[in-house]
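**Student:** Just so you know, the protein sequences line up as chains A and B, in that order. When we follow the numbering used here, the leftmost residue of the first sequence carries the number 1, and every step to the right adds one. When we follow the numbering used here, the leftmost residue of the second sequence carries the number 1, and every step to the right adds one.
Because the hints were derived from the structure by calculation, they are not lab data. Warning: the hint list may mix true and false statements.
Said to hold, decoys possible - Straight-line distance between alpha carbons at most 35 Å, and here's what the computed DSBU-like set of lysine-lysine pairs gives:
no., chain 1, residue 1, chain 2, residue 2
1, B, K225, B, K170
2, B, K113, A, K269
3, A, K113, B, K113
4, A, K209, B, K113
5, A, K225, B, K54
6, B, K170, A, K195
Stated by the list, open to error - Partner residues aside, some chain A positions facing chain B, computed with beta carbon under 7 Å:
no., residue
7, L241
8, I245
9, R246
10, A360
11, T366
12, L368
13, W369
14, K393
15, I394
16, R397
17, Y410
18, V412
19, G416
20, Q417
Using N, Cα and C, we set each Cβ at its ideal position, and we do this for glycine too.
2 protein chains.
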Amino acid sequence: MSFTEAELEMIGRMAREAALELAVLSSTRKNAILHAIADGIEEFAPQILAENAKDLANAEAAGLSDAMIDRLRLDQSRISKMAIGIREVAMLPDPVGEVLAEWERPNGLRLQKVRTPIGVIAIIYESRPNVTSDASVLCLKSGNAVILRGGSEAFHSNCAIVVAMQKAGKRAGLPAGAIQALPTTDREAVSVLCKAERYVDLIIPRGGKQLIERVVSEARMPVIKHYEGICHVYVDKAADLEMAIRIVVNAKCQRPGVCNAMETLLVHKEIAAEFLPRCAEELQSRGVELRCCPESLPLCGPKAIPATEADWSTEYLALILSVRVVPSLEEAINHINRYGSKHTDSIVTADEKAAEVFLARVDSATVLWNASTRFSDGGEFGFGAEIGISTDKIHARGPMALPELTSYKYLVRGNGQIRT
Amino acid sequence: MSFTEAELEMIGRMAREAALELAVLSSTRKNAILHAIADGIEEFAPQILAENAKDLANAEAAGLSDAMIDRLRLDQSRISKMAIGIREVAMLPDPVGEVLAEWERPNGLRLQKVRTPIGVIAIIYESRPNVTSDASVLCLKSGNAVILRGGSEAFHSNCAIVVAMQKAGKRAGLPAGAIQALPTTDREAVSVLCKAERYVDLIIPRGGKQLIERVVSEARMPVIKHYEGICHVYVDKAADLEMAIRIVVNAKCQRPGVCNAMETLLVHKEIAAEFLPRCAEELQSRGVELRCCPESLPLCGPKAIPATEADWSTEYLALILSVRVVPSLEEAINHINRYGSKHTDSIVTADEKAAEVFLARVDSATVLWNASTRFSDGGEFGFGAEIGISTDKIHARGPMALPELTSYKYLVRGNGQIRT
Chain A
1 MSFTEAELEM IGRMAREAAL ELAVLSSTRK NAILHAIADG IEEFAPQILA
51 ENAKDLANAE AAGLSDAMID RLRLDQSRIS KMAIGIREVA MLPDPVGEVL
101 AEWERPNGLR LQKVRTPIGV IAIIYESRPN VTSDASVLCL KSGNAVILRG
151 GSEAFHSNCA IVVAMQKAGK RAGLPAGAIQ ALPTTDREAV SVLCKAERYV
201 DLIIPRGGKQ LIERVVSEAR MPVIKHYEGI CHVYVDKAAD LEMAIRIVVN
251 AKCQRPGVCN AMETLLVHKE IAAEFLPRCA EELQSRGVEL RCCPESLPLC
301 GPKAIPATEA DWSTEYLALI LSVRVVPSLE EAINHINRYG SKHTDSIVTA
351 DEKAAEVFLA RVDSATVLWN ASTRFSDGGE FGFGAEIGIS TDKIHARGPM
401 ALPELTSYKY LVRGNGQIRT
Chain B
1 MSFTEAELEM IGRMAREAAL ELAVLSSTRK NAILHAIADG IEEFAPQILA
51 ENAKDLANAE AAGLSDAMID RLRLDQSRIS KMAIGIREVA MLPDPVGEVL
101 AEWERPNGLR LQKVRTPIGV IAIIYESRPN VTSDASVLCL KSGNAVILRG
151 GSEAFHSNCA IVVAMQKAGK RAGLPAGAIQ ALPTTDREAV SVLCKAERYV
201 DLIIPRGGKQ LIERVVSEAR MPVIKHYEGI CHVYVDKAAD LEMAIRIVVN
251 AKCQRPGVCN AMETLLVHKE IAAEFLPRCA EELQSRGVEL RCCPESLPLC
301 GPKAIPATEA DWSTEYLALI LSVRVVPSLE EAINHINRYG SKHTDSIVTA
351 DEKAAEVFLA RVDSATVLWN ASTRFSDGGE FGFGAEIGIS TDKIHARGPM
401 ALPELTSYKY LVRGNGQIRT
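Could you build the full structure based on these sequences and the hints that come with them?
**Tutor:** Here it is as structure tokens:
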């Protein structure tokens, strides 16, 4: 049975009502709810694991890869980690109510710009079941109601986690519509959600290119994309080559399947002959396939293969790296601004002037000097939490944490002022 | 001839290139360009006025109203005001490069969050020709390239203003694609623009409901809407009634055609019998038509008419006001959150507690206490400039000035850190 607009309207109305309540809940109350939810996740672990077993059985029957099945699997230890994560969010400062600015006008009006929740946030994800609780509690802490739409492969697990959060949260005063999941794996439900701008203030899609393209096309409300990361490391002619190898190996190999892993290596031509053979050996010994421009190909050993034009704009998420020799810093910057995804890029150099030019001119959310791209991450930035990494430039760019889940409003206090 | 994607691609590419240049222009250089543009607007006044005369002739032939023709009309004095406005923008502080936060991590990474331009902004407007220069110079000051699409009735004027800005700006170093207008009044051009997310980072539509609905449906890039203002004044039972009348009259009558004018008056039932007859007389003497709920109708004199359900969500932009008696502060807040447009709402009361509840619970961009809704304005807030008033909650809410035309990025400086 397909999911209808009337069904969404029910969910949307409840979320809207909850959002108005959440917006004025005290920090103490929200934290009490968060602790109750953390306890509830542990209390309802047997039910969650039983539902997770259904997803695992379906996944095996559908022939999903071992890696995907592992991502899907919950156990007591993973459930405990979810609960610990929720308690950590309770410890974070509450962004809502923060006075961002205040001033007085010559006519005596006193103005304040204060942080408020956004309202109702829809999160669409294709990922581990723990995202269900992570995303919900970040929305809750920032005073937002959330409508979740997880991947169909984790449907039973996600529903069980939501039910646990709702039941446990209710005991501590969680408004009924604060955390809801679409009760369907129907693909059309995403389209219905995208048209519900009356009830949803923001959609955050996290997932594959196709999903994000679809949400971007269909959504009538604002979208903050968590798109691909085509991240670069540029090894400048003034680089410390030992450092460069360490950073390149870390950026490519430490966790190749994530968006802040390096996908393209750019090397200044003056050091290419010295740097590339050693670097290639280090990478190839870790199983990395190198796809090279004509100039780098002969420097990267017999296993390297030629790159095609498509390689420069491909997010491999695997042990594959495209390699290009560039004639100058400017050409490295141009390459990144042309082929990159404005996510994360790094320069390795001992030349501070070159570094500052790179930092200023590369148009990406995170630009690093002498550090691995893998540091582009809410946790590594010290944000204490992360809802994802935005590849948009509007509202939130790069790692998104609690403040990025808020809006603001202006409060104006007068004593009878009228405009003349 | 219809406007094609290939034509937009030319404009888009030029804008992209210009945006990368603008992002690293010094404040001194940008201000020199702004002064050159201001001088150019005056220098090219004869050409601008000649083109304006064509628009005026067309408007008269098309039978546009006198008010609309007046909005369209340029003269020497209006051109001087445009130039003065540009010089004022040059005096404003440059938002780009501002360090919004900086901190160091335990691993020695030094992080900075710095303000950057957004990139390429498209502005769609249906308004006075001076918006062409106002919007362009705000984008320029904040380091953004702009693609303009004005109303067809002002096409010749807008093009002449753009040509003047381009020619004069070029002398001072304005990049070629920094300020461009779509060279067509073709309605389909808006659709082509909405699909060009490769070249446009943000669309700001300012205009009628239909235009905004269309952009919201079609745009693949972020949109910041400048939608309608269904603004309320709530006169509480503890209001100073003299003050309330002054504020109500000002909010409705001082300039009824703008988005921050009041459209609905809410009155607490305890003071309705005392307040409404006097208030109605003041309003009716200024030509305001009152559309009343059953309780307020008998209190507003014989000229008042009954309100329909549609009145509560109508932006009149005229001397019409809907009036409703409410039983409580809570009901006033509920009415506003249900029927309002989250733009601007005001409470008149001597009761500070009631005021603070209203300020906290009304979910609007600007919420006022004892002041006219007409103060919800970038100029009145002291922002020195205004691109418009956002009715969205994402990125920019309420009056938008230079900082709202920026994004940010993270700069991370290390000494070889890798992630373990």
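**Student:** Give a verdict on every hint.
**Tutor:** Hint-by-hint comparison with the structure:
no.	hint	in the structure
1	K225/B x K170/B	holds, 31 Å
2	K113/B x K269/A	holds, 32 Å
3	K113/A x K113/B	holds, 20 Å
4	K209/A x K113/B	holds, 28 Å
5	K225/A x K54/B	violated, 44 Å
6	K170/B x K195/A	violated, 44 Å
7	L241	violated, 11 Å
8	I245	violated, 10 Å
9	R246	holds, 5 Å
10	A360	holds, 6 Å
11	T366	holds, 5 Å
12	L368	holds, 4 Å
13	W369	holds, 5 Å
14	K393	holds, 4 Å
15	I394	holds, 4 Å
16	R397	holds, 5 Å
17	Y410	holds, 5 Å
18	V412	holds, 4 Å
19	G416	holds, 4 Å
20	Q417	holds, 4 Å
Hint compliance for this structure: hints 5, 6, 7 and 8 are not met, and every other hint is.
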